[in-house]
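All chains, full assembly: derive it from the sequences and hints.
Numbering (full-length UniProt numbering), first residue to last: 1 to 43.
I should point out that these hints are in silico values taken from the structure, not numbers from a laboratory. Computed from a prediction, not measured in an experiment: that's the story for all the values here. For every residue, glycine included, the Cβ atom is placed at its ideal position computed from N, Cα and C. Heads up, some of the hints might be wrong.
To be verified - Simulated restraints on C-beta separations:
1) S36 <-> D5: 44 to 52 Å
2) E24 <-> S4: 26 to 34 Å
3) E39 <-> K15: 35 to 43 Å
4) S40 <-> G3: 54 to 62 Å
5) S40 <-> T18: 32 to 40 Å
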Amino acid sequence: MGGSDLSELLTGYGKMVTIESQVEMLSFESHHVVDSRVESTLN
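Here it is as structure tokens:
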């Protein structure tokens, strides 16, 4: 296991974490939009 393998592994892990955080932000925003729509429909 060389240093390049380790750096590639860390880079891939960093990309995965970034993608996951982006997905969480997107789902949070969509939930917020849905909530506001539901509230406006109820009112």
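That 44 to 52 Å hint for S36 and D5 (C-beta), does it hold up? holds (47 Å)
Could you say whether the range 35 to 43 Å given as a hint is met by the Cβ separation of E39 and K15? holds (36 Å)
Supplied distance hint 26 to 34 Å, evaluated on CB atoms of E24 and S4: Distance hint for E24, S4 holds at roughly 31 Å.
Verdict for S40, T18 (Cβ pair) under range 32 to 40 Å: holds (33 Å)
Quick check: does the Cβ-Cβ distance between S40 and G3 fall within 54 to 62 Å? holds (56 Å)
The structure shown violates none of the earlier numbered hints.
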